[in-house]
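Q: Chain residues, written in single-letter form:
There are 4 protein chains.
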Amino acid sequence: MDENKQAHSDAPVDAPALERRDFLKTAGLLGVGGVAGAAHGKFGLAPVMPAQAQAAAPNPAPPRMAETPWWPSKWGANDEAGASNHITPEKVLEAVRSIRDGRIYKLGRDYEAAMPLFGTRAFALRIPGAPTGGPFGENKLVYNDEFLATEIGQVGTQFDGLGHIGIQMGRDGDKSEMRFYNGVTGAEMLDANGLKKNGVEKIKPLFTRGHLVDIQAVRGRMLDAGEEISLADVRAALQRQNMQESDIRPGDAIFFHTGWGSLWMKNNDRYNSGEPGIGLEVARWVIERDLCLTGADTWAVEVVPNPDKNLAFVVHAELQTKHGIHNHENLVFDQLLADRKYQFVYIFAPTPIKGATGSSGCPIAVT
Amino acid sequence: MDENKQAHSDAPVDAPALERRDFLKTAGLLGVGGVAGAAHGKFGLAPVMPAQAQAAAPNPAPPRMAETPWWPSKWGANDEAGASNHITPEKVLEAVRSIRDGRIYKLGRDYEAAMPLFGTRAFALRIPGAPTGGPFGENKLVYNDEFLATEIGQVGTQFDGLGHIGIQMGRDGDKSEMRFYNGVTGAEMLDANGLKKNGVEKIKPLFTRGHLVDIQAVRGRMLDAGEEISLADVRAALQRQNMQESDIRPGDAIFFHTGWGSLWMKNNDRYNSGEPGIGLEVARWVIERDLCLTGADTWAVEVVPNPDKNLAFVVHAELQTKHGIHNHENLVFDQLLADRKYQFVYIFAPTPIKGATGSSGCPIAVT
Amino acid sequence: MDENKQAHSDAPVDAPALERRDFLKTAGLLGVGGVAGAAHGKFGLAPVMPAQAQAAAPNPAPPRMAETPWWPSKWGANDEAGASNHITPEKVLEAVRSIRDGRIYKLGRDYEAAMPLFGTRAFALRIPGAPTGGPFGENKLVYNDEFLATEIGQVGTQFDGLGHIGIQMGRDGDKSEMRFYNGVTGAEMLDANGLKKNGVEKIKPLFTRGHLVDIQAVRGRMLDAGEEISLADVRAALQRQNMQESDIRPGDAIFFHTGWGSLWMKNNDRYNSGEPGIGLEVARWVIERDLCLTGADTWAVEVVPNPDKNLAFVVHAELQTKHGIHNHENLVFDQLLADRKYQFVYIFAPTPIKGATGSSGCPIAVT
Amino acid sequence: MDENKQAHSDAPVDAPALERRDFLKTAGLLGVGGVAGAAHGKFGLAPVMPAQAQAAAPNPAPPRMAETPWWPSKWGANDEAGASNHITPEKVLEAVRSIRDGRIYKLGRDYEAAMPLFGTRAFALRIPGAPTGGPFGENKLVYNDEFLATEIGQVGTQFDGLGHIGIQMGRDGDKSEMRFYNGVTGAEMLDANGLKKNGVEKIKPLFTRGHLVDIQAVRGRMLDAGEEISLADVRAALQRQNMQESDIRPGDAIFFHTGWGSLWMKNNDRYNSGEPGIGLEVARWVIERDLCLTGADTWAVEVVPNPDKNLAFVVHAELQTKHGIHNHENLVFDQLLADRKYQFVYIFAPTPIKGATGSSGCPIAVT
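Sequence order for the protein chains is A, B, C and D.
Heads up: the first sequence begins at 956 in our numbering, then just goes up one per residue.
Heads up: the second sequence begins at 956 in our numbering, then just goes up one per residue.
Heads up: the third sequence begins at 956 in our numbering, then just goes up one per residue.
Heads up: the fourth sequence begins at 956 in our numbering, then just goes up one per residue.
So here's chain A without its partners, still in its complex pose:
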């Protein structure tokens, strides 16, 4: 038995795991000490390698920054809609009143096979038949469908649902101690055919005021991978744009422009290798201001790798898992910036695929 166990843990890590590790390496998540670092970080915790994390000997240490249960949610112990609960009729009317010129800007990118994809995600679109059916009738009608196979809610411009991100409490690999938004466990939520709780179909349509901060303009250049947007950056951008911080109100959405999106389909390898973004400082400001959603022209909105090498996508956990605040990735702000439109109405109704972890679609800004 012991001998057998030994054999398993000594076995070389196979290709699928390697692929992910390779990705994390290129994404800057595997530095000197792996995802969790050999240097043990400023909190002095033991390092956790991803291979170990999924292997036979689980890490007995509790996850950092998850000491206090974050549930029940302020929207109730059964809530699955998170910060979309902000979108009340009053909030909608407030947004409507801010519309001035009736222009619509698409904030989303086209979905296509050549777009940068995280890790091993795939995107394959096919037109069956061409035409798919017909001709039918004396009017000789023909029709075309498209067949798509993909990680639909987690490719391209994507809205993270509340079942996307969780924290492994307790023992690694124990679904009954894996916690998601509102404390829902993996055991309660996970199913091979779709999430049983926190599915993206539970999110209410978003229709709220959006505020765009141009961090690239503040810095005078595109930010680099691993470069964190500070609260000072945000405030400098607001000032530069003649905006008041106090005008960013509960239930509003905040968007960060870094310039990183200029790499999209121009240099996918670099685009995927990491990204600039917000860290815990700005995340806490977002929480304090009680916002509804964050968004950016990057694939994760948050800084990757995190300056604290022991942390992986910690802003996701802080905003989404603990506070139900939504996140919209791979957005485009170019035309808004060209027109100096920093405030607008952000409209997005997630595609209600039952049990999905996120949503594709085309968010729009109306000015």
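No lab work stands behind these hints, which were simulated from the structure alone.
Treat the hints with caution; some may be incorrect.
Identical copies look the same in the list; a pair holds intra-copy or inter-copy alike.
Said to hold, decoys possible - SDA-like mimics (lysine to any residue), calculated; alpha carbons at most 20 Å apart, straight line:
#, residue 1, residue 2
1, Lys1296, Glu1045
2, Lys1159, Ala1036
3, Lys1296, Thr1043
4, Lys1061, Val1051
5, Lys1061, Glu1045
6, Lys1061, Gln1298
7, Lys1159, Asp1289
8, Lys1296, Val1051
9, Lys1159, Leu1048
10, Lys1061, Thr1043
11, Lys1159, Val1287
12, Lys1061, Ala1036
13, Lys1296, Gly1175
14, Lys1296, Pro1044
15, Lys1159, Arg1058
Fit chains B, C and D to the known structure of chain A by using the hints.
A: What follows is chains B, C and D alone, placed relative to chain A:
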């Protein structure tokens, strides 16, 4: 050689074709005389069976109702956006001004494997890994994706793109004589990996006034399959709802409630077997009023089978292919009707999957 | 916290879980007392409902019949090939010597969308483009591909790999206590992109003597769902077929004909509702005789529901998980039986999809 | 109208087409003059660019080398099994008699996402749920499935079916003049949900003598892309291996080792950029010898680009479309060569996916 050809045309039709034929049969498209009918219709054309339509001996007759080329489009010979061109800033502001109470209604249904699917379309959602990745970092983050394989833009609540429907001109099976919106040929448009023209990503976000007519209320019952909504029905509904026909303006959207949607996931077989809907009479009224979009609580908006048994989905061709007028299927109006909200702002930005024939998503009504 | 937990466990079970439960119900797995039964069975264990099994309150009882660790395998602690290790050159030559007339029989069925599928599995085949590419060159070559989305190794005629079936030891939902062939844990084996151990690509090509027992002929009728094939049945069939039990040697394959396969695509609902098959008695005989593989004209080879209502697919676990003995489902023996060919060479090389749980393909019998 | 047509043909070629063209370029198919060449070739035909080939103005010239109808097949006008008809009981027994030592060699590669894929083909494997189901019963059984989305029969080690390759006769894009094996037209064969004729399920299981020629050994180096294997090469290899050409008999299979396979997953870009292989000279020898199948350690078996730049995959058309001779790609011969086993029994039963264009699986060699 001749002998060989004979052999082919005598061969029994195989299963995939049978499946489609079976569907068409249940959908009422194959009556006494097949899709095109044995009675030869009022135009005296020869009948066309679907199996023949795809077989060696093509029908030499030109398609009915396609005598006159419908291109170039009034939006220009290169246009691929169709009636979404109606959505100008002025049109958006007109819609915004109509918002009174800030309530949002979801017009779309949840997407799930149990929903009724047309023909052989499929919908399979899977959660890889559960969790898909992690735990990563000392914060022990885990994440979930979803993998979806489906006719994405043609399942559930669906918006038809301009590459979905076409007409086979010339010889059956000849892509250079197969015509779509703006006269684009199959040869120009079709590709195994996505449409080269008329892809749904070309449609502009829709933000316009919507008008809902409750035909079920006028009739005092759910309409039945094959039952055509007349213009008189539409006018009676407007009158009953205290609405003026003249208030339906160019670029607006019109929605038809038939009650057929009550069968959704209650009786999928009946739901798929046909449907009530508009015919050519109302379609021509929609064209005259220069509307932007039609929608209904049915899977095709138009009456199936058509009262003229020789015609197959002819309203699709009339509105979409010839006039670029969009179509939104499998909608839900129950809450709007309960609240007697017959006018609202219809907002929908198609998911811009490059080269797709349609779009999933969640259209909303704002009142 | 407690309140919150309460809320979760009180929440209604959602649709995906219901679908599976519905399936299990039609498959006879959910009788009076659910999968594990209200009667508590002869071992007096508490009942376990599938919904509970995946819910917040895991069943603390150890799994029945898994008391003794079954690892390491007799083929070594690192083995991932199981009983395919029987296929040595000597074994191949023994099989070759038994070939008499050079006839090949296909034991596999065609794969198509209309075949019966277990639970929520899907099968969607599409021809992209039609043609997919071309014409290319002056020779005007065109080509077609097929795009397939499916549970490839677990649909239609299917060979179970060693990562397909496991036993939840320890706490429900704890991957580090979920055990597969050779004691490999879920934590070691499971990955979103394919199994890291026990993938079907590790199985050696099978080329061995096969023995077919016609249980339908012994009983004089098609066996019914839930009807267990006894060892006496097997022996009666051997006698009827003039075969010696002693001629079934280590490494050979055994096949059971029940007649259930006659329902294939004739009555899929009944076919899926359960099946006749072997139980633990015959399974233990298979283990004693040290065979390589079991097969049948049913979707699981074993009796479903098990006469002991508390057990679910226990023969799978006994043969595959504990002894590495392979299993081939949804086979066809009609022509072999018509020709009274009860002994043949069974040849099957699993499709080596890295990290897959099973394999499609076409096993053959050579006589 | 004319103006409109002009607009279409002037429109820039969009991305999907570009992707394919890019691929063909890297594959050497687009040289100075495109697929069909600017030099007009030795037959003086006009050049055909792929974009034109699919565009509005079809090439009116008949395809080169398709002057004479190649149908009906020598196996009858209705035959869909092609050269697999060679596999008679006598042929099987002949093969069986050649087995000496009972060793089995896998000729197929593992299928995985990292393998080189032609053009835009995709391969995505996911494990739903992990586990996919359970625990069920008091025995706490769990199970795993895999979900696969891919061009199943045209990725990795692949066997070409008779519906894979055809020739566009008549007008480009006209399915009624697109011809496949046995003269079947595109109109008769193509369907969105699977081929209606010439599906791979019609092929009989292959069990025949295989002959391997090591061209790399003859040349003393790996052959390069675009390097054609001559008949003299084949004869030199036979001589070097002490084999008689006359021993290669009707219905046998011939395999070519070029060394190109050493690039597999080592240098996918180069692997995909072209390949060494046979040309029309050896193809005609294969036809004369009345063989059953060709195979190689390359992705097409034939030389790419063809030395005659106007021809695209012409060996495919010559062998498969016109003569029904099968083709097996991306094979591995390393162990056979190491053991100097140049003759063996080749066994492969295509996975009978109804209407598929090819087959994955694991061909084996038995010595």
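Q: Does each hint hold? Answer for all of them.
A: Results of checking the hints against the structure:
1. Lys1296 / Glu1045: between (23 Å within a copy, 18 Å between copies)
2. Lys1159 / Ala1036: within (6 Å within a copy, 29 Å between copies)
3. Lys1296 / Thr1043: Between copies, since 18 Å is at most 20 Å while 24 Å is not.
4. Lys1061 / Val1051: Both: 18 Å inside a chain and 18 Å across chains, each within 20 Å.
5. Lys1061 / Glu1045: Between copies only: 17 Å across chains, 25 Å inside a chain, cut-off 20 Å.
6. Lys1061 / Gln1298: The answer is within: 14 Å in one copy meets 20 Å, while 25 Å across copies does not.
7. Lys1159 / Asp1289: Result: close only across copies, 17 Å inter versus 27 Å intra.
8. Lys1296 / Val1051: For Lys1296 and Val1051, both the intra-copy (16 Å) and inter-copy (18 Å) Cα distances are at most 20 Å.
9. Lys1159 / Leu1048: Within one copy only: 16 Å inside a chain, 24 Å across chains, cut-off 20 Å.
10. Lys1061 / Thr1043: Between copies only: 14 Å across chains, 24 Å inside a chain, cut-off 20 Å.
11. Lys1159 / Val1287: Intra 23 Å, inter 16 Å, cutoff 20 Å: inter-copy only.
12. Lys1061 / Ala1036: between (24 Å within a copy, 14 Å between copies)
13. Lys1296 / Gly1175: For Lys1296 and Gly1175, only the intra-copy Cα distance (19 Å) is at most 20 Å; the inter-copy one is 50 Å.
14. Lys1296 / Pro1044: The answer is between: 15 Å across copies meets 20 Å, while 24 Å in one copy does not.
15. Lys1159 / Arg1058: between (24 Å within a copy, 12 Å between copies)
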